[in-house]
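Enquirer: Each chain, letter by letter, is given below.
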Amino acid sequence: MTTLYMVLAILVAAGCTIGVRILPFLIFSKRKELPKIIVSLEHTLPQAVMMALLFYCIRNVNFQHLHNWTGTIIAVTVTACLHLWRRNVLLSIITGTVTYMVLLQLGLS
Amino acid sequence: MERQQPFWQIIVKTIPVMMGYIVLGIAFGLVMNQFGFNLLWAVFMSVFIYAGSLQFVLAGLLAQGSPLMTIAITTLAVNSRHIFYGLSFIETFKRMGHRRPYLMFSLTDETYALFCSLPPDQKDPYTMGTIAVMNQLYWITGTLIGSVLGEVIPFELQGVDFAMTALFTVIVVDQLRFSSNKSPAVIGAMSSVIFLLLLGPDKFLLPALSVSVVALSLIPSRFLNRST
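Chains as they are written, first to last, in the numbering used here: chain R, 1 to 109; chain S, 1001 to 1228.
Mixed in with the good hints, there may be bad ones.
[Stated by the list, open to error] Calculated lysine-lysine pairs in the DSS-like style (CA-CA distance at most 30 Å, straight line):
(1) K1094/S with K36/R
(2) K1123/S with K1182/S
(3) K1182/S with K36/R
(4) K1123/S with K36/R
[What the hints assert, rightly or not] Taking CB as the label site, the calculated pair distances span:
(5) Q105/R with F1056/S: 32 to 38 Å
(6) V7/R with V1148/S: 20 to 26 Å
(7) L26/R with H1098/S: 40 to 46 Å
(8) F1056/S with H65/R: 33 to 39 Å
(9) H67/R with F1056/S: 44 to 50 Å
(10) L1118/S with V102/R: 39 to 45 Å
Read the hints as simulated data drawn from the structure, not as lab findings.
Where a beta carbon is used, it is the ideal one built from N, C-alpha and C, also for glycine.
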């Protein structure tokens, strides 16, 4: 690969990424009053997106084989329950991650 | 309003992303190294593109010398979900002053997630700016480490990246606990499951998000309003 190609390719990818990220701001920022629908989305969308991203994180779980999903399900459950109980973000995440790593060593993913 | 909370308290909030980004950054550095790209290219990408999943795809595309048009379309497809992230922060970012351009540039999945998890009184320019900068520094640090380790160690990454899943789990739990209306989460979950079954793990996210946006737009706001 030539240096020019590499630089151009990375700049193209960077430009498209930035474009996608600032698009909503370009479209809606100039208006003083946002359309009602956007105001409503600003409050409701995060819940739906976070849920979808959680599914994205576990998207490769294969439910056809027991050892391919039990680890993930157990670790997610441990994380969620611990968080409901102790309400400590770091504790929940570290415990959940360690649980998953241990289960992985036991052959569950 | 500036410096509402000390630097270290903000850093503590970013620790989950730190674990995830450093580990994934190392993985990215290793992949780049395998494709024969040196440290400079890997870091160049993490500085200017800063989009995790895309960078992995791009490493392969670059190695094949793919046409720029292919790279552009792939980038738009993989990153189109970011359009939805900005929508949630149009009003908030208006208060961000000189930090606003960088905040828009650096609105990755995880930064978006951390912003969503901030209570309203902590959505100030200093806190959000610090989170955004630190997250990218973690990503670049991971990329650097991975690139350097590339040829030396067959690095054991198994399972640490679950920190990301755990982060999203915690955020979903918090969102559900603090909101009186859980229908947006139900809509997000339903469309995710439906498109996972229909399209599989690689293609489900964009349609799932699109359908969620359409559904949330069409459902009268009085049914959704009190959820935050």
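Enquirer: Does each hint fit the structure? Answer for all of them.
Expert: Taking the hints in turn, this is what the structure says about them:
As the CA atoms of K1094/S and K36/R are separated by approximately 17 Å, the hinted pair is consistent with the 30 Å bound. With a CA separation close to 23 Å, the supplied pair K1123/S and K1182/S stays within the 30 Å bound. In summary, the hint linking K1182/S to K36/R is supported, as the alpha carbons are separated by about 20 Å, within the 30 Å threshold. Among the hinted pairs, K1123/S with K36/R is consistent with the structure: their alpha-carbon atoms are about 22 Å apart, no more than 30 Å.
Between Q105/R and F1056/S the C-beta distance comes to about 25 Å, which lies outside the given range of 32 to 38 Å. For the pair V7/R and V1148/S, the beta carbons lie near 22 Å from each other, so the given range of 20 to 26 Å is met. In this structure the hint that L26/R and H1098/S lie 40 to 46 Å apart at CB is violated, the actual value being about 18 Å. Evaluation of the 33 to 39 Å hint for F1056/S and H65/R yields a failure: the beta carbon distance comes to about 25 Å.
Between H67/R and F1056/S the beta carbon distance is about 26 Å. The supplied range of 44 to 50 Å is therefore violated. Between L1118/S and V102/R, the C-beta spacing of about 31 Å breaks the proposed range 39 to 45 Å.
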